[in-house]
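Colleague: Sequence:
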Amino acid sequence: MSDDLVLGWEEWVGLPGLGLPAIKAKVDTGARTSALHAVAVEPFGTDTNPQVRFIMHPDPSDLSIEVVCSAKVIDRRMITSSNGVAEFRFVVRSIISIGGETWPVDISLTNRETMGYRMLLGRSALKDGISVSPALSFQQPILSFDIYRKRQRKGDKPKRPLRIGILTQQPDNYSNRRMIEAAEARGHVIERITTTRCFMAISNRKPEVHYDGKVLPRYDAIIPRIGSRLTFYGMAIVRQFENMGVYCLNSASAIGNSRDKLLAHQVLLQHKIDMPNTAFASSSRDTKGIIDLVGGAPVVVKLLESTQGKGVVLAETHKTAMALVDAFRGLDAHFLVQEFIKEADGTDIRALVVDGKVVGSVKRTAQAGEFRSNIHQGGTGSVVRLTAAERLTAVRAARALHLNVAGVDILKSESGPKVLEVNSSPGLEGIETVTGEDIAGTIIECIENNVRTIFRVEVPKRTDSRKVSHG
1 MSDDLVLGWE EWVGLPGLGL PAIKAKVDTG ARTSALHAVA VEPFGTDTNP QVRFIMHPDP
61 SDLSIEVVCS AKVIDRRMIT SSNGVAEFRF VVRSIISIGG ETWPVDISLT NRETMGYRML
121 LGRSALKDGI SVSPALSFQQ PILSFDIYRK RQRKGDKPKR PLRIGILTQQ PDNYSNRRMI
181 EAAEARGHVI ERITTTRCFM AISNRKPEVH YDGKVLPRYD AIIPRIGSRL TFYGMAIVRQ
241 FENMGVYCLN SASAIGNSRD KLLAHQVLLQ HKIDMPNTAF ASSSRDTKGI IDLVGGAPVV
301 VKLLESTQGK GVVLAETHKT AMALVDAFRG LDAHFLVQEF IKEADGTDIR ALVVDGKVVG
361 SVKRTAQAGE FRSNIHQGGT GSVVRLTAAE RLTAVRAARA LHLNVAGVDI LKSESGPKVL
421 EVNSSPGLEG IETVTGEDIA GTIIECIENN VRTIFRVEVP KRTDSRKVSH G
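For the record, in the sequence shown the residue sitting at position 43 is 43 according to our numbering, with numbers rising by one throughout.
Bear in mind the hints are in silico, worked out from the structure with no lab data behind them.
Note that the structure is predicted; figures quoted are calculated from it, not measured.
There is no bait here: all hints are sound.
Dumping the calculated EDC-like pairs for lysine to aspartate or glutamate here, alpha-carbon to alpha-carbon at most 20 Å:
1) K72 x E181
2) K24 x D146
3) K214 x E242
4) K412 x D345
5) K357 x D438
6) K127 x D4
7) K319 x D292
8) K342 x D292
9) K72 x E184
Based on the sequences and whatever the hints tell you, model everything.
Modeller: Okay, structure coming up:
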């Protein structure tokens, strides 16, 4: 640090680690500890990784701008303010930026709504080489609150510790373990939420998700990992989190788009994305008709609710196909009939799309005597290099269904790549094992890039005449 940094009694400062690029601070050598305005202060994390999240209104004259901040807690101590009031405060550490110089400072969090400055810079933050001229002000470059408005328009996302919930019935399976590891490695706190232990308070005043009798906190993000049997209820829980303003990695509507296979195929059709010829009918009188529509046997009969290759059957002859369709109808099951792509020869490609990019792909080969190549059905995986057409098809399919994370299954055919299925909750074990890629880390990075930090909210005009202190 240079030895000629002169501060006036008020200065513009930045706290980049908290996502606060511009704050007007009062420099007070009479105060030992620095203080920052914070409301809605909420501790989270564990004893070994304590965190705190809070809301900051950097511009005292425009409360519609609020920044969600979070940081690691380094202490909680009793601090007495200038008016003699003592309170326990969370203390965090952040890099401060003044006049091009940066250094770490410890900052206590407190409500400074009635103060004229959102930050008080105490003497413990003034390192060697800094001098204060109490008769002067703004000796360092002038900043502006406009930077928050510009950042909001640009969608800039300062990195901060996030509180993430993973919604699942199987918190200890490979995919969930990997995402938990990846999140914690990047400094975030991730909490397991069992889907069926949630219930909802649907209210205009304050929508809530309850868990084991307690109201869940507001998470920065939710990762939905919902099994097919819980699609309806799981989507309702995700939708409730969305109503609370929580970023959900895949939205409830996007999950619904992919889980309803008939709807998914119709959406892909609307976007002119190639897929095997597919037929669907309600009446048993149309059995022969729907088989003929896809070119006749052999055909694949697929339950609408099928996942991981379950509920998918190959009918190699017309007679078998007729019997299979009639049997499914007798069970009141909804299903699709699809053409069998013979040239695929028991293989398909799983392309994993995250945030509009293919981040990993694997060729899956069915075991002997089996046409389903799913890893869960005994298929094996190997490294594959996608063609430009296959890569574009995977990205377009995920985008059409509005999925931020998707496993897109593609068949190679004589006429080009065809989308077989799009999975909103793809497994990571097979693709990470084969490719060696850190897919879980990429998914967490997607969350970091999409969680909102700067909000504009409608704030009613003040009607009271509260006195504002210049402390």
